[in-house]
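S.K.: Work the whole structure out from these sequences, hints included.
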Amino acid sequence: MDYLIIGNCASGVNAVEAIRGKDQKGKITVISDENYPAYCRCLISNYLAGTRKEKDLLLKEKNFYQDNSIELILNKKVESVKPENKRVVLSDGKELKYDRLLIATGGSPKFLGVEGEDKYGIFGFRTLNDAKEILKLIPRAKKVLVFGGGLIGLKAGYALKQKGMDVEIIVKSPRILSQVTDNDSAEMVGRWLMENGIKIRTGLAPKKILGNKKVEGVLLDNEEKMNCQVIIIGKGVRPNMDLVKDSKIQTHWGIITNQYLQTNVENVYAGGDVAETTDLITGEPTINALWTAAAEQGRIAGLNMAGEGKKYPGSIAANSIDFFGLPIISLGYVRVKEKGYEEFVRRQPGIYQYKKIVLKGNRLVGVILVGNIENAGVYLALIRRKVDISGIKDILLEDWFDYSKVSELLEQKEGFRETVSLQGDLVKMA
Amino acid sequence: MKRLFVDVERCLSCRSCEIACAVEHSQSKDLFSSLKEEPGPRSRTKVERDTKLQTFPLQCRHCEEPYCIDACISGAVSKDPETGLVILDEDKCVGCWMCVMVCPFGVIRPAKEKKIALRCDLCQDNEIPACVAACPTKALFFGELKDFKKKLLERKDTKSKVKV
Ligand SMILES: Cc1cc2nc3c(=O)[nH]c(=O)nc-3n(C[C@H](O)[C@H](O)[C@H](O)COP(=O)(O)OP(=O)(O)OC[C@H]3O[C@@H](n4cnc5c(N)ncnc54)[C@H](O)[C@@H]3O)c2cc1C
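If you read the protein sequences in the order shown, they are chains A and B.
Per my numbering: the first sequence = residues 19 to 448.
Per my numbering: the second sequence = residues 1162 to 1325.
Since the hints were made in silico from the structure, they are not lab data.
Keep in mind that this is a model prediction, so the values were computed, not measured.
Keep in mind that the hints are not guaranteed to be accurate.
As the list claims (entries may be wrong) - Okay, the calculated bits of chain B under chain A, using three or more residues with CB under 8 Å as the criterion: (1) 1209-1219; (2) 1233-1245; (3) 1251-1259; (4) 1264-1273.
To be verified - With a straight-line cut-off of 27 Å between C-alpha atoms, the simulated DSSO-like cross-links for lysine-lysine are: (5) B:Lys-1240 with A:Lys-80; (6) B:Lys-1307 with A:Lys-431; (7) B:Lys-1276 with A:Lys-78; (8) B:Lys-1253 with B:Lys-1190; (9) A:Lys-40 with B:Lys-1240.
Cβ atoms here follow ideal geometry from the backbone N, Cα and C, with glycine treated the same way.
M.R.: Given below as structure tokens:
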């Protein structure tokens, strides 16, 4: 059996491990257009900040590929997939054949689409090479503008602030983190960032990038000019799915997958930021472009490629960040715009602490935690397992809320013990 | 495979296990000196009280399919294939709290002062975990499942059910 994996990050690497766990003989080839063994993509901001070195970014131990008999092809791009004859075509024209294929090509940053965007000094922050290029500019640069108030842009801004740069975040919408927070918590996090020296301006967008070859500044849509030497664009990512464009593999938001993470073509699977899966909460097709989801999808796709037949329950939006020591966690559906939801908030005046829960009927569907994040996973378990929380509504916001308050509700749920606690070690509760 | 078991009904919520755990994971491993350490000692086990007011100590379950491994963005969490223990490499941990976010038991705790997540390692260097050694009522048991079951059966008054 020949397994071919395109993409060598969260999704690809987890697939490889899963395949090897089940099939010690099959040939596994991993191909990536980056020139590094798998690294922790999310930590490029820590690398940029100087809190992690390049060698600390390795996702797996040095001999991982060797020990698992994996052929690793680096610095080569797959141009197209030809499922009718089970081959992929590389950028150098070479073809590789497969019996089972995983497309784990991730995503690429979206750009602004404004004049002057080809100048040197503009980055969509995604790869280790991006971070290295930015570092090269730092000795001569003083001011960085971040366009977009999403996680990636803020992480880059946070890193560059730690490097001593003058960082300003410019957001089109009225607030930062609009995808994962509500107004009040966004305001709180924004205030915290500003207190720590990061500037934030809202309601503005770039119109034109200024400078000769290098970025020297920007013209905003209010006709104001700002000087800067580095621009980070945090406008989100789009899935890398050009390689299936001319094939019969179906795409929508991303490459469409079924419950087994299989595409519409037999023997072709997809996982990670390129894969469209079902959202656990809304039931709608979506891409939850997150490390956690990519890793889980890769693992399950890998198992299925090796013949397991394991169902993927669906993806869930859940993210955690820490800026200057303030932790922020967002789970599930938190941007309520329509009717039919109940929201409850607890906040302490004067301190950076915020807790919000979002309910739909008898189900918990979303949580925002700022400051105190202990027991966050218990909420996620309630969301994930679609637990009827009508009996515990009034204690969900309490600071003493913890696992023991919901253990019975959770343990009744089918599959809970199988996936989480079946080591035989949980013995309790007569 | 040796595991940590809790005979729930014997727990008197004295929290000796928490203290022993914190001391064991401190720099000095000594209660008196550890209290002066910066950052201070922190427990990786916690005594919780359920809705029937029964208390019990809870710590990492070393899950079969741990959510925390998928969630770790720094490759710091792994499952030892031999012992089954889910281990955090504290040097690799960046304190992003993704594991805190996904642990269904809420037993991974953010140590903001150290910027790492704290979790039970079953005191790997010791013969028995510190919490077990410290439990005055023997509510905590470290050993094989069959031996724990035997122990429960020996206790005639037992109402605890062994759920596995
Ligand atoms: C700075 C930063 C911080 C982040 N922080 C978090 C976080 O805190 N929490 C979280 O959940 N997520 C975070 N993410 C998102 C997370 O990194 C992604 O969700 C995850 O990396 C997706 O993994 P993947 O394997 O699907 O794809 P990717 O990591 O994108 O890997 C895909 C690989 O395939 C390669 N490739 C693409 N096309 C081809 C081709 N045609 N031929 C050959 N190779 C190809 C790419 O170059 C890349 O190496 C962060 C991302 C960034 C950039």
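S.K.: Compare the structure with each hint and give your call.
M.R.: To see whether the hints hold, each was checked on the structure:
no.: 1; hint: 1209-1219; verdict: holds (count 7)
no.: 2; hint: 1233-1245; verdict: holds (count 4)
no.: 3; hint: 1251-1259; verdict: holds (count 6)
no.: 4; hint: 1264-1273; verdict: holds (count 9)
no.: 5; hint: B:Lys-1240 with A:Lys-80; verdict: holds, 18 Å
no.: 6; hint: B:Lys-1307 with A:Lys-431; verdict: holds, 26 Å
no.: 7; hint: B:Lys-1276 with A:Lys-78; verdict: holds, 22 Å
no.: 8; hint: B:Lys-1253 with B:Lys-1190; verdict: holds, 23 Å
no.: 9; hint: A:Lys-40 with B:Lys-1240; verdict: holds, 17 Å
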